[in-house]
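Peer 1: Fit chain S to the known structure of chain L by using the hints.
Residue numbers (our numbering), protein chains in the order written: chain L, 1 to 100; chain S, 1 to 100.
Hints may contain errors.
Identical chains share a label here; the pair holds if one copy fits it or two copies do between them.
Derived SDA-like pairs (lysine to any residue); straight-line CA-CA distance at most 25 Å [to be verified]:
hint, residue 1, residue 2
1, Lys73, Leu30
2, Lys73, Asn28
3, Lys11, Leu95
4, Lys66, Pro47
5, Lys73, Gly48
Hints were generated in silico from the structure; no laboratory data involved.
There are 2 protein chains.
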Amino acid sequence: MKVRIVQLSVKIESVDAFEEATLENQHNSLLEPGVVRFDLLRDEQTPGAYTLYELYSSSEAILAHKETAHYQKWRDTVAPMMQEPRVGRDLMLVLPRHSG
Amino acid sequence: MKVRIVQLSVKIESVDAFEEATLENQHNSLLEPGVVRFDLLRDEQTPGAYTLYELYSSSEAILAHKETAHYQKWRDTVAPMMQEPRVGRDLMLVLPRHSG
Numbered sequence: 001m002k003v004r005i006v007q008l009s010v011k012i013e014s015v016d017a018f019e020e021a022t023l024e025n026q027h028n029s030l031l032e033p034g035v036v037r038f039d040l041l042r043d044e045q046t047p048g049a050y051t052l053y054e055l056y057s058s059s060e061a062i063l064a065h066k067e068t069a070h071y072q073k074w075r076d077t078v079a080p081m082m083q084e085p086r087v088g089r090d091l092m093l094v095l096p097r098h099s100g
Numbered sequence: 001m002k003v004r005i006v007q008l009s010v011k012i013e014s015v016d017a018f019e020e021a022t023l024e025n026q027h028n029s030l031l032e033p034g035v036v037r038f039d040l041l042r043d044e045q046t047p048g049a050y051t052l053y054e055l056y057s058s059s060e061a062i063l064a065h066k067e068t069a070h071y072q073k074w075r076d077t078v079a080p081m082m083q084e085p086r087v088g089r090d091l092m093l094v095l096p097r098h099s100g
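Just chain L, with the same shape it has in the complex (with noise of 0.2 Å):
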């Protein structure tokens, strides 16, 4: 399984909207077959500051995540309320060894 750690860094007034944007993208993502789950941090210290936690089944359901209707929606629309442009790692995950 792949994990999609991203940093993101949200103007402070947008971080409602960003979260509302966020809540529908990450309904929509758990309902494809290759996301196991979509969890969202905020950072109480610094804010704006929220990291995107994303397990997939695979390095293609990464791909097919990105073709999705609605990831691209979420994309277009929070990229004017971002502060700094987002920064995305992809890791493996080592443990647990047979679950999501």
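Peer 2: For chain S alone, coordinates are given in the frame of chain L:
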């Protein structure tokens, strides 16, 4: 719910021992009532680079985890395996809204 994300840089010669020690800690941590998830991730691009993703029911559960014998054993076991001091961040789970 609270999430702790920890970045670790492990000496190359210690990665197998590190994964083994972390497996034991993960197994025991998931038996704690306040530990919801405990994921270990490996960065395939950077040998020795790992991330822990730990989801807790509350801030109190994070403190309780640090008091357990299995956490303290893991901490002491892996300390000499670290290439650099580990870096942790505490975050709040925004989504999913009602689950782990």
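Peer 1: Take the hints in turn and mark each one as holding or not.
Peer 2: Checked hints:
no.	hint	result
1	Lys73 with Leu30	within (16 Å within a copy, 36 Å between copies)
2	Lys73 with Asn28	within (11 Å within a copy, 41 Å between copies)
3	Lys11 with Leu95	between (34 Å within a copy, 19 Å between copies)
4	Lys66 with Pro47	neither (27 Å within a copy, 27 Å between copies)
5	Lys73 with Gly48	within (21 Å within a copy, 36 Å between copies)
Comparing the model with each numbered hint stated earlier shows that hint 4 is the single one that does not hold.
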